[in-house]
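Kindly generate the complete structure, drawing on both the sequences and the hints.
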Amino acid sequence: MGTLVAVLLLIIAMALRGLAVALKREGGLWLAAVARLGAWIALASSIWWTTAASAPWSTFHFPLLIQSLVLAIWAIDGVLSWRFRPVVIVSVADLISLALIAVGAFGAPPGRVSSSCLQSLPLWVGQWLLFIIGSGAAIVAGGNVLTSTVDAALAGRLRQLPRSSRTASSVMAREANQLTLVALGGGLILGLGWAWYQGDPRLLWMTSAWLLAAMAFTALSLPRGGERWFTWLTVVAAAVALSGLWAAPGLHP
Amino acid sequence: MNGQMSGETPASPNVRFDLVSRVWRALVAPHTLIGLMGVLALILGLSALIPQIPPQTMDDPRKWLAAQPDILNQTSGLVRALGLFRIYHSLWFHLILALIGLTLFVQGIEAAELAWRFTGRTQSNSPTGFWWEKPRSALRFSSALGCDEVVGKLYGLLSQYGYRWTQRAAPPALDLLATRRRHMLWTRPVAHGALLLTLIGLFITETWGWHSGEWLAAPGDRLTIGHGTPYSVQLDTFARPTATAPWCDSQSIISWREGETVTGQSTIGMGQPATWRGITVRQLGQLPVVRLRGLDPTGNPLAFQVGGTDQAADHEAEIAFSLNENQQVAYLPSDNLLLSFVYSPDPGGRLALYVSHPDQPDSQPRFVTVLQQDSRVAVDDLQLEVGMSYRPVLRVDSLPGMELAIGGAIVAVLALALGWIAPAQILWSSVVANPDGSTTVQIFTLPGASGSRWLLPITRQFQEAQVQGE
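Top to bottom, those sequences are chains A and B. Sequential numbering from 1 applies to the first sequence in the numbering used here. Sequential numbering from 1 applies to the second sequence in the numbering used here.
There may be inaccurate statements among the hints.
Claimed, not checked - Here are the simulated distance ranges between beta carbons: (1) A:L8 / B:G437: 56 to 64 Å; (2) B:Q383 / A:S54: 35 to 43 Å; (3) B:P230 / A:S54: 51 to 59 Å; (4) B:D249 / A:S45: 25 to 33 Å; (5) A:W30 / B:T267: 53 to 61 Å.
These are calculated hints, taken from the structure and not from any lab test. Keep in mind that this is a model prediction, so the values were computed, not measured. All residues carry an ideal CB built from backbone N, CA and C; glycine is no exception.
See the structure below:
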């Protein structure tokens, strides 16, 4: 129920922002921000209710894991949007969030409780908290470079869109990329001790995602084509982080 | 005889220097690090998809390979030739790590030189001379305002944002270098150096480290440390702190021994390892052990078969779970009854008992009860006495270099975080007075800084100034 309310509020927020940008009404942006905050609270309440009432939070409980990831995406995207004020009609990060919630509700394997006593250790919890924040940041970065690309294409057709909105999305992508490096890096440090004797393949995927994010960060120093490389590497890093959190364990033969 | 007369041309020091210089420049190029990191990410992805030979089966990898899915068996020739079943021990993997280390070293030196240039006593006021010889143009515009007015606005803006500037040339072609938090330039060489230390630490761990594998120990069991050493570790006790505490809170008391002499004793638990002379004992979890006895309706003891129908039946059976097994069975030949014990290791542990008849393969196993402690269980007209205990899963290992790896990684992430939160802000500005009275302003940054969040407000304000000027 809470998830449904969150999705409805997010759709309202997206519609309000699109209208506000198209009609150049700043009040609409404020309403969209309020609706977005409401969506975040509804989703957080839903996670809290699920963990209190039925299943404890676990990295193997995929629906809860995805909801937590979406919560992180909204928090990071919300803070960065508040800071840099991008003026975009459609945010790709929002669309990814909606797709993730749909997958979590209908396509994710049934959740199960923790399979190890490690789950109750603060270091383990901290590691996964950082992985979720880092993966959320990777998705926000990927979403914003795509938003910036879509926005650039739209700006070619709709001249009234300001160039600064593209710049803001691009800056948001860079900030999210650096948050990915720090959060995933922190999670990997906490996992380094476990990794040596716990064969969780998700650590490998997270390391790959960190390397891809570092590649994107380094690509900005390239003499030519750095922005283009940054775009693609950021998108791939987001995809790998998502695989690492969710799909990868099932792929291992 | 000189080289020309013998038809050979000896390499002059300049040629050698040129070669070193070329290699240096190749390693310093961002492309190199990006390419190497890409290969490493690909390898990690492959190792997550292709199962790796476990250390305990290293003696007979063919047997292990035969147990793998068909698709891996069919392609095993190619996969084996590339060493993909043992990626982390392959020569080319170590070669890539060595190249990454060398690249980090070279780039760290370059980054340190850059930081030194801007923070040393003789501060650089030139962007040239390094591999970033061509600083990026972050903004270029022409203003209808006069040069003095534009320069006044420029100084006002730089002061507003807390920049310190050095004037390199006077109007009408003003050239200045503006810096803020220039000491943060050191975060990059520190991050490179720390990542290099992490790599070295991991290499030491991988090369000289060892581990015992998982050790399912009963109190009194002893494990020799290393080969031919007098050292051993013994599990003395394993228990929960209180009778009602979850099994995840259980603790093991171990003793370190040299021959028969006890040299020390330690208490370990989940996430609480104990270390002695570089040897660490960790508790990874615990697994149940079930002892079975029983009576039939006439009061005669029941005989159990454990481990297959070819095993001898015994009146007292012990069923010990091992790693990666969540089900164990005991067979009662006299009643043709199969007892299945299913273990779910969620916090607290849950052991469930099911019964079924092997001659009725279509019938579902019938749930009997959840076993939590020693208990008597009635199954049909049989009386079972079930004794329950747990054994810890321990691991003894030595990971030299792990402290170096973790310490390096912590410093690297802190340096990355610092460089992100408070980035060094370096700008070059060129202001040129045009013959028509207008002014052209161009702002440059270091590669990678273009489009950063700290540059966004300053370029916005310049753009606004441009609009006002027009």
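These are the hints, each one checked on the structure:
At about 59 Å, the beta-carbon gap between L8 of chain A and G437 of chain B stays in the expected band of 56 to 64 Å. Range check, Q383 of chain B to S54 of chain A: about 36 Å between beta-carbon atoms, so the 35 to 43 Å window is met. Take P230 of chain B and S54 of chain A: their Cβ atoms lie about 54 Å apart, and the range 51 to 59 Å holds. The beta-carbon spacing between D249 of chain B and S45 of chain A, approximately 31 Å, falls within the hinted interval of 25 to 33 Å.
At about 58 Å, the beta-carbon gap between W30 of chain A and T267 of chain B stays in the expected band of 53 to 61 Å.
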